[in-house]
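Student: Chains as they are written, first to last, in our numbering: chain S, 329 to 440; chain A, 4 to 95; chain E, 34 to 577.
If you are wondering where the hints come from, they were derived from the structure by calculation, not from laboratory data.
Here a beta-carbon is modelled for each residue, glycine too, at the ideal position from N, C-alpha and C.
Careful: at least some of the hints might be erroneous.
Pulled from the structure, derived: some chain E residues nowhere near chain S, Cβ distances all over 12 Å [said to hold, decoys possible]:
#1 TRP44
#2 GLY134
#3 GLY276
Straight line, CA to CA, 20 Å or less: simulated DMTMM-like cross-link-like pairs of lysine to aspartate or glutamate [stated by the list, open to error]:
#4 E:LYS277 x E:GLU350
#5 E:LYS202 x S:ASP351
#6 E:LYS88 x E:GLU327
#7 E:LYS547 x E:GLU460
#8 E:LYS215 x E:GLU553
#9 E:LYS206 x S:ASP351
#10 E:LYS277 x E:ASP140
#11 E:LYS550 x S:ASP351
#12 E:LYS333 x E:GLU304
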Amino acid sequence: MNVILCALGLSYAGMASLSLAMDRHHGQVWGRDAAVNVRRALQLIGAVLLALAIWPCVAGWSATVGFVAWVGFISAGALLVALLLPYAPKLLLRSSLLAAVAALAGLVTFLQ
Amino acid sequence: MKSAHMLLLSRVLAAIFGGYALTSGVAVLLAAMLPMSRAEAVLTATLSAFLIYTCAVIWVFAVHDLRRVWMGMLLPAIVCGGLGLLLSRGGA
Amino acid sequence: MAWLHTWCGLWISWLLFAIFLTGTLAVFDDPIGHWMTPEHALEEAAHANDPPPPKVTNRANRLALALDFMEKEHPKADMWEIWPVQRPGQGLSAYWFQPSGGYGSADLDPLTGAPVEHVREENQRDTIGGHHFVDFHYELHAGRIGVWIVGITTMIMLVALVSGVITHKRIFKDFFTFRPAKGQRSWLDAHNAVAVLTLPFQFMIAYTGIAFFSDDYVPAPVVAQYGMENGKKAFLSDWNDVGKPARIGSPMAIPDLQPYALRAEQTIHQEIRAVVLDNPNDASMRVCMYGWNEESDTLKRISANTGMACYALATGEQIAVRQPGHADSGPAGLTRIVMSNLHMAGFGGTPIRWLYFFCGLAGTAMMGTGAILFMVKRRQRAGGEFGSATERVYRMIECLNVAAIAGLAVACIGYLWANRLIPVGIEHRAGWEVRAFFGLWLLMLVHACVRPEKRGWIEQLALLAVLCVLLPVLNVLSTGDNLVAQITRGDWESAGVELCSVVFGLLAAWGAWKVHKRKEKPVKTAARENRSAPASLQTTMEGH
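Looking at chain S on its own, in the form it has when it is part of the complex:
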């Protein structure tokens, strides 16, 4: 269960971050285009969160199965983001922040 929540949380938050780096979606939340340094930061954060999502997957299954699971989770995360952006962009922002914090904290359980 930890595995699923962590992987899904990181995937969702990562995809959210990548989407908010794009002007169109940045505008949906903040009403303006993203400044260049903000865009870079959001892209980096998004990429890192997505990459980190491999960790619970591999820990919970194995390298091969975990990789397949990871692809599934990031697809699911992307679908969630695409669905929320037009209807509830502020909710997307808050929930993805929450998901990122919770999932990163949850990663601690995979440290041993």
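Dock chains A and E against chain S, hints included.
Tutor: Using the frame of chain S, we list chains A and E on its own:
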């Protein structure tokens, strides 16, 4: 007026049948050439076939000149298939 | 390229929608089958708190009994297969190749070795359960022809996927873009979103799907390497049955196989599942021991191959070993096995199945939105692609859209309704359930053709909503079992089927409502202007 229809039909036939001929020809060559056991080589050839077929069909619709399209399908089909049959061990 | 995508996509969209929806449902074929055999499910629940049966200790005895049976009944068969401890149930089974082709099988009493007759209990309903969705998905319940139709459709799907990606110039810019309530724009956004965001899955599922019958679809290399006569058989035997010895002709008694089973278990670290004896009673006898994949194995490996150890019985030496997950023939063989299991989600447990379910629904939506988008666009501005017949063709496409999308879904839930409504004892009951599926689908097609498009959608979606939402009610009325009782006793398979059905029903109701609220825009017809064929062809060649 009819020629546009015929050109399109020709292209579609080239994609479907020409593409299949090319796929089979390349598969026969792969199965004969690959440095693996016979079963493994045949398996690799059949598994790769759908990638080859997809690329062939896409190419048929990306290239403008119909003559080139048909050449592009039939020539490799005959060359690869022929070469593959020559190199085949046992069987046909 | 856009032209290619549109026309490849459209003509296969209806069948492919069905293949995808049934495939998605097939992920949960066992839970669906469980719901469809309520008598069996209740019996299972009644025994749920029974202590687990003691571990089998008389395997050597079971093997001997099975060998005796085979010696007496099928001495000439050149392959004997014994499953000494079946799962579940700890039964004893024997299999062999019949001279006419195909497998023969018998279940034996583990204590006496006598064949056990299975009498279907009068009260258990005969059904193929969730396997209907599997069978329809890969062969349309139509044998070899069905396999070919599905294969051709999948091949076209691959072309549609690639041409779609090539056409989608703004694929990265529009990655997360979905603009609802904007008509045609929204349908295109939805089509792009479900496709692009699950693109790895879509390519994987299509390719691994078509790879199942790769040697049937592309027989040329098989024939070139193995000849026309029995080429396929020779190839399969070469790939699957690596190292099967040829008969020598001198007789040899079958030794006790239990020591070999023990040796194999030491080597592959799995409990023995199957004992395969090649060339029985001949000096060339070979026995291959296969293991059981435990749940931990399926969580770790994509390949479904179990461990295997083979021994020559004349000398007692080990002649082949395969660790769990590996392939006998080599990397191509392993790729093929991995592809199969990737397609069937036979690894990773329930979470992976749910991921496949959602990605499968996304793929299904990809096809549905594509087909709908085609007509939404052309109702805005007709394309005249078919000259003077354009309007009639558009009408046909609209009918097919309703029947293939809403109608098929009705048929799927209708199949479950048929399971509860068809009387239990009748002959060929399982066949009647499948007939109900097809009959209902045909009925939906007829309905779609006689009703105007908007009403067709509303009525079929409404019917879908009713059938889905009321499924738990149907269950209460027909079996007396209810959702709360299922959850309380931990039957999450049945509860899951009913809960998902309700969710789909609510979605269908929402869909019917949205269509009802749809504002009709005035239609611009370019059809009458574009009577000449080349002009209309040019239009279609330029863009979709």
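Student: Compare the structure with each hint and give your call.
Tutor: Hint by hint, here is what the structure shows:
Listed as outside the interface, E:TRP44 is consistent with that label: its C-beta sits roughly 27 Å from the nearest C-beta of chain S, beyond the 12 Å cut-off. For E:GLY134, the shortest C-beta to C-beta distance to chain S comes to about 36 Å, beyond the 12 Å cut-off, and the non-interface label holds. Even its closest Cβ contact with chain S, about 27 Å, leaves E:GLY276 beyond 12 Å, as expected for a residue assigned away from the interface. Straight-line distance between C-alpha atoms of E:LYS277 and E:GLU350 comes to about 15 Å, which keeps the hinted pair within the 20 Å bound.
This hinted pair checks out: E:LYS202 and S:ASP351 have alpha carbons roughly 18 Å apart, not beyond 20 Å. A threshold of 20 Å between alpha carbons decides the hint, and for E:LYS88 with E:GLU327 the separation of about 16 Å falls inside it, so the pair holds. Of the supplied pair hints, the one linking E:LYS547 and E:GLU460 is violated, its CA atoms being roughly 43 Å apart against a limit of 20 Å. About 13 Å separates the Cα atoms of E:LYS215 and E:GLU553, which keeps this hinted pair within 20 Å; it holds.
A hinted pair counts as satisfied when its Cα atoms are at most 20 Å apart, and E:LYS206 with S:ASP351 qualifies at roughly 9 Å. For the proposed pair E:LYS277 and E:ASP140, the alpha carbon gap of about 26 Å is over 20 Å, so the pair is violated. Under the criterion of a C-alpha separation no larger than 20 Å, the hint pairing E:LYS550 with S:ASP351 is inconsistent with the structure, at around 32 Å. Among the hinted pairs, E:LYS333 with E:GLU304 is consistent with the structure: their alpha-carbon atoms are about 17 Å apart, no more than 20 Å.
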